[in-house]
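Since chain A is already given, all that's left is putting chain B on it; use the hints.
Line by line, the protein sequences are chains A and B.
Each residue of the first sequence is one higher than the one before, starting from 1 at the first, in the numbering used here.
Each residue of the second sequence is one higher than the one before, starting from 1001 at the first, in the numbering used here.
Simulated from the structure, these hints should not be mistaken for lab results.
Remember, it's a predicted structure, so these values are computed and weren't measured experimentally.
Treat the hints loosely; a few may be bogus.
As the list claims (entries may be wrong) - Here's a subset of chain B near chain A, in silico, CB distances under 10 Å, partners left out: (1) Gly1012; (2) Tyr1017; (3) Ile1086.
Stated by the list, open to error - Stretches of chain B that chain A covers, calculated by requiring three or more beta carbons in the stretch to come under 8 Å of a beta carbon on chain A: (4) 1021–1033; (5) 1036–1042.
The beta-carbon is built from N, C-alpha and C at its ideal position, and this holds for glycine as well.
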Amino acid sequence: MNISEIMSEKMIKLQLQSKDKISVIKELVELLYKNDKLYDKGKYIEAVLKREEEFSTGIGMGIAIPHGKSSAVKEPALAFGKSVEGIDYGALDGKPSNFFFIIAVPENSNDEHLRLLSQISRKLMHSEVREKLLKANKPSEVIDALK
Amino acid sequence: MKIVAITSCPTGIAHTYMAAESLEIAAKEMGIDIKVETQGSVGAENELTEKDIKEANAVIIAADTKVSKERFMGKYIIEVGVQEAIKNPKELIERAKTAKVIDNDFVEEVNKIKEQRKAETKGPYKHLMTGVSFMIPFVVAGGIIIALSFAFGINAFKQEGTLPATLMQIGGSSAFALMIPILSGYIAYSIADRPGLVPGMIGGMLASSSGSGFIGGIIAGFTAGYFVNFLKKIIKLPKTFQGLMPVLILPLLSTLIIGLFMIYIIGKPVSAINNGMTVWLKNLSGTNSVLLGIILGLMMAFDMGGPVNKAAYTFGVATLSSGQPSMIMAAVMAAGMTPPLGLALATIIAKNKFTAQEIEAGKTAWALGISFITEGAIPFAAADPIRVIPSIMIGSAVTGALSMIFKSALTVPHGGIYVLAIPNAITNLSLYIIAIATGTIITALLISILKKECR
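One chain only, chain A, in its complex shape (with noise of 0.2 Å):
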C-alpha cells in the first residue's frame, strides 16, 4: 500500500487562510470534502471536535493532527495544511502548531489503512521529516518528505 492511497497533492495547502484552532479544523475539512472523502461534512467535525475534547492532538513541535472515526467518512484520507506563522492549537507544550494532519476514517475501515497512517504518524516523530516538511514549497515535496 502507498501513502498516495490517502494522500494526494490536492488535499494539501501550503498556506492555510485560518488563525484558530475551529477554523483550521474546518478549512482542513473543506480540503477532504472537496475531494469526496467524506458523506457528511458536519458530522465528520464532530467526531474529531470530540476527539479534541479528550486532549488536544496538538503534539507539540509544531504538530498537530486532528483526527475522527466516523460513519461520515467514505474512504480513509489524509489531509495536509501547513502554517508558517502557526496557529494556537492548544498544543502539549504550549507552542502554536505550523503542520496540520487531519485524518478521516471510516467506520469500518481495513487494517492496511489504519497501518499506513499509524506509520505516518510515526515518521512525524523524527525531526529530520519535520525538517522537509517545514522546507516543503510545492505539494510533492510535502509527500516525499512522509513517504
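Below, chain B alone, put in the same frame as chain A:
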C-alpha cells in the same frame, strides 16, 4: 538494559504510534534497548513476548485506555498518559532506567516453588488430604470426650444416664461415628465437587457399619468421587432437565451404586477377612506367645478399627471370658496404644515432616494414645498410608512381643492409662509401660525417617 512499553490511545489511530515512535527514538539516542507494543485500532502489534518481559528491567505503560498488567507481575511499572510518551520520552526512560530492579531470580524462584506445590498437591494426594483435614477435628473432639468418659472409670459409661455415658454418646457414638463418613465424603467432594459429598459420606458410613474401617472409607471416598465424575460425563440431558442432575439424578444413582459396591464388593470380603482372622488366631493360641504378640501387634495397627484390628481386639477380649487376667489382652491393648503415641512423638521430633494441622493433632494424639483410642492415628495414616502404616505396625509388633515377654496380664478389655486406677488390673506394670514406651519410640523414629519433608 532493556525496557518494554505499551502505548495505547482511545481512537488508536495516531497517538498510539506517535508515542511508540517517540519512545523508540529516545531510547535509541540513550543507547537503551526498548520494545514497544502498540495497542491501536489494528489490535496489538509488535507484541511483547514472555521472553521480552522477562528480560526487561521496567515496564512503561503510556496509555489512555485500560491496559492489562497481568503479564507484568513482579515488574516495576511506570504508568502515564499517552501524551507523556510523546512529550517527554527521555524522562520516562530515565525513570525506567533508575527504577528499582526487582530481583528476577527471586521472583522466578518463588514462581517455581508455587508451581511445584501446585503440581504436587494435585491428584489423589490432594483429595486424600482434603478428607483428612476435615476429619481431624472430629477425631480430636471425639477422642478427648471419650477419654474424659474413661476418666470416670473405664466402665463408667456403661451406666446409662450418667455423665460418662453421655460423654461416650457424644464422643464415641456421634463424633467417632462421623469420622469415617467425613473422611470419605470429603475425599469425594475434593474429586467431584458438591455432588461427590452424598455418595462419599454414605459410602463412608457403610464402610464404618460394615466394619471395613478407615481403609474402606478411603476406598469409598475415591470410588464415589471418580464415579460421580464419570456420571457427569456420560449423562447428557436436554436443557430443561439439567436442573435435575444435582438434586436427583447424581445423588440417587451414585449413592445406589456406591452403597451396593460397599456392601457387596467391599463389605463381604471384609467380614470374610474378619472371620478368617478370628479363626486363624484361635488356632494360633497354642503357639509361641511372643510370635502371637507380634502378630496381634501388627493386626492392631494395620487398619485401626478395620476388620483386621477388630479381629485382634475381639480375640483379646475373648480371652478374658474365663475371668482370669489375660496376657493376650494386655498385648492387644499395649499395641493399640502405641500408634497414636508414636505419631504424637514423631510430630515433636520431626516437626518439618508434618503440616501445622497435623502438629496440632499430634498434641491430642497423646491423650488418645494413653486412653487406648487407636483411632487417634487415623488422620496420619490416612494422609500418608504407605509410610505411616508400616511404621506403626512395626512399633505395635515390638510392643506386643515385649508385653508377652514381660508376661504382663490385663483383667479388663479397655481403658489405657485409666486401668492403673484399678487395683491389680495389670500385672508387671513397670515392664508393661516399658513395652509401650519402646513401641512408641520405634514408631516415632521410623516415621521420622520414612516420612518426606512437609512442603
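Quiz item: Hint numbers the structure violates, sorted upward?
Solution: Nothing - there is no hint that the structure violates, so all of them hold.
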